[in-house]
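Visitor: Take a look at the letters that make up each chain.
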Amino acid sequence: MSNFVSLSTALSALRSAQTGIDVAAHNISNANTAGYTRQRVNLTASSPIQMQIGSMGTGVTVEGINRIRDTFLDMRLHASNSNLGALEVKADLLARTESLLGEPEFGITKELNEVWAAFDELSLRPTDKSVRLAVLTALDTLAGRTRTISASLSALGADVGLQLKDAVAKANDELTQLADLNRSIASIQGGGDGVPNDLLDRRDVLVDSLSRTLGVTSTYAEDGSVKVNLSGFDLVSGPRVNLLALQPDNTIQHTTGTTLTTGGRIRGLQDYVAAGTGVLAGVQARMESFVNELVTQINTQHDAGIDANGNSPLGPPTVNVLLTGTAATLAVGFTDPDLLAAAAPGAGGLDGTNALALGTLRTVPIVGRPLVDEEVRGMITDLGAQVASARRQAAAEDGLNAAAAAARRDHSAVSLDEEMVALMTFQRSYEAAARVATAVDEALETIVNRLGIVGR
Amino acid sequence: MVRVTQEGMVQNALLRVHERISKLDASGRRLSSGKVVQVASDDVSGMNRILGLRARIRAREQEARSAADGQTWLNIADSKLQTLNSRLLRVRELAVRGATSLDAAGREALAREIETIRDDMAAIANSSINGRQLFAGTANVAETVTVPGFAYGGDGNAVMRRIGEGEMVAVNVSAGQVFGFDDGQDIFTELNNLATDLRAGNLTAVSGRLANLDTAMERVNTGLAAVGAATNRIDAAMVRNSDEQLALKGELAKVEDVDLAEAIMDLQTQEVAYQATLAALSRVLQPSLIDFIR
Numbered sequence: 001m002s003n004f005v006s007l008s009t010a011l012s013a014l015r016s017a018q019t020g021i022d023v024a025a026h027n028i029s030n031a032n033t034a035g036y037t038r039q040r041v042n043l044t045a046s047s048p049i050q051m052q053i054g055s056m057g058t059g060v061t062v063e064g065i066n067r068i069r070d071t072f073l074d075m076r077l078h079a080s081n082s083n084l085g086a087l088e089v090k091a092d093l094l095a096r097t098e099s100l101l102g103e104p105e106f107g108i109t110k111e112l113n114e115v116w117a118a119f120d121e122l123s124l125r126p127t128d129k130s131v132r133l134a135v136l137t138a139l140d141t142l143a144g145r146t147r148t149i150s151a152s153l154s155a156l157g158a159d160v161g162l163q164l165k166d167a168v169a170k171a172n173d174e175l176t177q178l179a180d181l182n183r184s185i186a187s188i189q190g191g192g193d194g195v196p197n198d199l200l201d202r203r204d205v206l207v208d209s210l211s212r213t214l215g216v217t218s219t220y221a222e223d224g225s226v227k228v229n230l231s232g233f234d235l236v237s238g239p240r241v242n243l244l245a246l247q248p249d250n251t252i253q254h255t256t257g258t259t260l261t262t263g264g265r266i267r268g269l270q271d272y273v274a275a276g277t278g279v280l281a282g283v284q285a286r287m288e289s290f291v292n293e294l295v296t297q298i299n300t301q302h303d304a305g306i307d308a309n310g311n312s313p314l315g316p317p318t319v320n321v322l323l324t325g326t327a328a329t330l331a332v333g334f335t336d337p338d339l340l341a342a343a344a345p346g347a348g349g350l351d352g353t354n355a356l357a358l359g360t361l362r363t364v365p366i367v368g369r370p371l372v373d374e375e376v377r378g379m380i381t382d383l384g385a386q387v388a389s390a391r392r393q394a395a396a397e398d399g400l401n402a403a404a405a406a407a408r409r410d411h412s413a414v415s416l417d418e419e420m421v422a423l424m425t426f427q428r429s430y431e432a433a434a435r436v437a438t439a440v441d442e443a444l445e446t447i448v449n450r451l452g453i454v455g456r
Numbered sequence: 001m002v003r004v005t006q007e008g009m010v011q012n013a014l015l016r017v018h019e020r021i022s023k024l025d026a027s028g029r030r031l032s033s034g035k036v037v038q039v040a041s042d043d044v045s046g047m048n049r050i051l052g053l054r055a056r057i058r059a060r061e062q063e064a065r066s067a068a069d070g071q072t073w074l075n076i077a078d079s080k081l082q083t084l085n086s087r088l089l090r091v092r093e094l095a096v097r098g099a100t101s102l103d104a105a106g107r108e109a110l111a112r113e114i115e116t117i118r119d120d121m122a123a124i125a126n127s128s129i130n131g132r133q134l135f136a137g138t139a140n141v142a143e144t145v146t147v148p149g150f151a152y153g154g155d156g157n158a159v160m161r162r163i164g165e166g167e168m169v170a171v172n173v174s175a176g177q178v179f180g181f182d183d184g185q186d187i188f189t190e191l192n193n194l195a196t197d198l199r200a201g202n203l204t205a206v207s208g209r210l211a212n213l214d215t216a217m218e219r220v221n222t223g224l225a226a227v228g229a230a231t232n233r234i235d236a237a238m239v240r241n242s243d244e245q246l247a248l249k250g251e252l253a254k255v256e257d258v259d260l261a262e263a264i265m266d267l268q269t270q271e272v273a274y275q276a277t278l279a280a281l282s283r284v285l286q287p288s289l290i291d292f293i294r
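Protein chains in written order, with the working numbering: chain P, 1 to 456; chain L, 1 to 294.
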């Protein structure tokens with residue numbers, strides 16, 4: 001048996017203690033790094049030498065440096081991220097939409113109330129020019145407010161469209177980075193050079209981000225590369241990436257041309273601006289419905305009257321429509337207050353019956369049609385209910401997400417106290433190993449320098 | 001055993017602080033705006049009621065104005081018709097006196113007085129309100145009864161005012177009805193004929209005209225009754241209106257406005273809770289093993 005065995009045993013102890021201290025130092029310096037997984041040095045006893053007296057240990061080997069990570073916790077968090085991303089975006093956009101309506105102080109209902117009151121005021125003094133002008137002004141204010149809200153809604157839609165473009169571009173960028181990382185990881189890990197922990201951390205940060213933005217699912221291969229999948233299609237497989245293609249109708253297509261069902265924030269954005277079925281389209285449809293009722297009913301009643309010149313708004317000599325346009329273009333059809341038809345046909349020139357009838361539209365609509373007030377109120381309360389519901393759902397999912405994130409953190413994050421203890425342990429073991437080396441060295445010195453010197 | 005890490009503690013602490021400060025912010029916003037319901041999503045059914053209440057309050061305000069305007073019409077009409085009645089009474093007196101034998105000069109004096117009264121009545125018929133004829137219905141004429149000529153230029157249309165939800169009342173009386181034009185027996189022609197009869201000394205004719213004068217007074221009384229009835233309706237409506245406005249505004253305040261005392265207490269509670277969270281946060285994050293190892 002060679003005496004140098006214990007020396008190499010001590011050396012292996014020194015090396016492993018050094019590695020332990022290095023790993024603890026790495027953990028400590030990355031305690032605040034986002035997405036960092038704590039690492040542990042993996043020590044095993046070295047292969048023993050078989051001797052006559054039994055097996056003799058030969059020290060410690062560093063098997064490797066492990067990442068403490070649970071992929072199950074990762075998958076749980078990714079699923080929650082996807083849901084939360086979509087719900088957060090939905091709640092936020094709905095709240096912004098609701099604030100655009102500006103009810104009850106700065107919205108449509110206030111101006112509509114003034115219009116009804118203005119018609120009644122007209123019935124008091126049908127030939128008073130300033131009262132007639134006041135009616136046109138009230139209608140103009142209502143029209144202006146409606147146009148502004150309609151324009152703001154369209155602008156919000158355009159803004160969300162841009163956000164969607166940005167999000168898809170960013171997701172594509174991350175997918176590309178992931179593919180590159182896959183290549184690097186596979187070449188290191190697959191090549192048997194150990195596990196590239198920090199590259200794996202970077203890979204996982206990208207997958208986390210994609211799960212929140214896009215709602216992807218991922219599977220990990222033996223060589224450390226990740227396969228990223230969205231509704232059955234592979235976006236990243238090994239070093240290959242299939243980028244997302246955003247279509248003009250805001251759907252996202254795979255390279256094979258099929259439309260993908262997304263999740264995450266992108267899904268929330270898509271759901272908002274989807275043509276026809278999207279949230280924004282729904283609100284805009286309600287606005288159009290209200291404007292349609294307003295224009296149709298007021299015009300119908302107005303056409304039944306006689307203006308200050310004794311003419312019908314249906315002509316001759318000219319056709320004078322009181323309200324024109326859709327939500328985006330609502331306007332008063334004329335500026336001459338004399339063209340307001342306040343009188344009923346067949347009555348005298350000072351009659352205000354048609355003005356009263358216009359005011360009555362507030363409580364009694366044109367036959368077969370809904371109340372204009374109800375159209376507006378329904379739109380506002382339905383949107384309010386949607387916002388409240390989205391907020392509640394987002395809050396609930398937020399709680400679940402926080403719990404999933406906490407579970408992963410508890411498993412994989414650095415505890416400074418633990419690292420301190422590890423540091424102390426390895427420091428002591430380094431000192432002890434150094435002592436062992438010293439002891440063996442002294443023993444060897446005796447053998448080398450003093451053995452066989454008898455009587456010199 | 002659950003493993004607790006620095007990052008975990010910090011994240012948890014941040015979550016708590018965020019929750020607390022959100023509540024503090026919401027409480028502050030409620031207090032500073034004075035409104036419990038700021039957007040529909042705060043309270044959907046509350047917002048529905050608020051919008052309905054606001055619409056009805058505005059409508060009641062407008063109806064109060066219409067009712068007040070109607071009252072003016074009716075008050076003026078009432079006083080004019082009372083005057084008309086007293087003038088008719090005077091004519092009747094003169095006619096009675098004229099039916100007895102009087103000399104030509106006496107009858108001439110009567111005739112002249114009757115003509116003066118006829119002109120007074122024409123002035124009454126041409127009463128105006130806000131630059132518009134009171135008794136001409138909806139006709140856009142400068143005079144209800146032309147002077148001279150005593151031709152009727154008005155129409156019998158009603159002038160309506162909305163005094164309550166679904167409640168409309170006519171606030172005018174037409175000259176056609178009150179002065180007898182509708183029956184083809186207007187008071188001006190009647191008075192002219194009376195004066196002619198007096199001057200001609202046709203005493204039988206004069207006595208015969210007394211019945212017509214009575215009919216004329218009946219017409220005025222009918223007009224007065226209608227004015228009285230409309231006035232009662234408007235008075236009642238105005239009382240209802242002001243009561244309803246009070247009730248609606250009270251209800252609106254209940255749904256919409258913040259209870260100041262409650263809101264202030266809530267804000268203070270949130271402040272204290274926030275400070276407690278911050279204090280706990282600072283105590284929990286500080287100590288670690290590093291402080292104890294040399």
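Just so you know, the hints here were simulated from the structure itself, not pulled from any lab data. Don't take every hint at face value.
Straight-line C-alpha distance at most 25 Å; calculated DMTMM-like pairs for lysine to aspartate or glutamate [to be verified]:
#1 LYS23(L) / ASP43(L)
#2 LYS110(P) / GLU165(L)
#3 LYS254(L) / GLU114(P)
Over the 12 Å line for every Cβ pair with chain P, so calculated as not near, a few chain L residues [claimed, not checked]:
#4 ASP25
#5 ASP43
#6 SER79
#7 ALA104
#8 ALA200
#9 VAL258
#10 LEU289
Covered, in the sense of this in silico footprint (three residues per stretch, anywhere, with C-beta under 8 Å from a C-beta of chain L), are these stretches of chain P [said to hold, decoys possible]:
#11 140-152
#12 410-423
All C-beta atoms, glycine included, are put in the ideal place defined by N, C-alpha and C.
Visitor: Each hint needs a verdict: does it hold in this structure or not?
Guide: Okay, the hints, checked on the actual structure:
no., hint, verdict
1, LYS23(L) / ASP43(L), "holds (17 Å)"
2, LYS110(P) / GLU165(L), "holds (19 Å)"
3, LYS254(L) / GLU114(P), "holds (23 Å)"
4, ASP25, "holds (15 Å)"
5, ASP43, "violated (8 Å)"
6, SER79, "holds (21 Å)"
7, ALA104, "holds (45 Å)"
8, ALA200, "holds (39 Å)"
9, VAL258, "holds (15 Å)"
10, LEU289, "violated (4 Å)"
11, 140-152, "violated (count 0)"
12, 410-423, "holds (count 9)"
Hints 5, 10 and 11, counting from the list given before, are not met by this structure.
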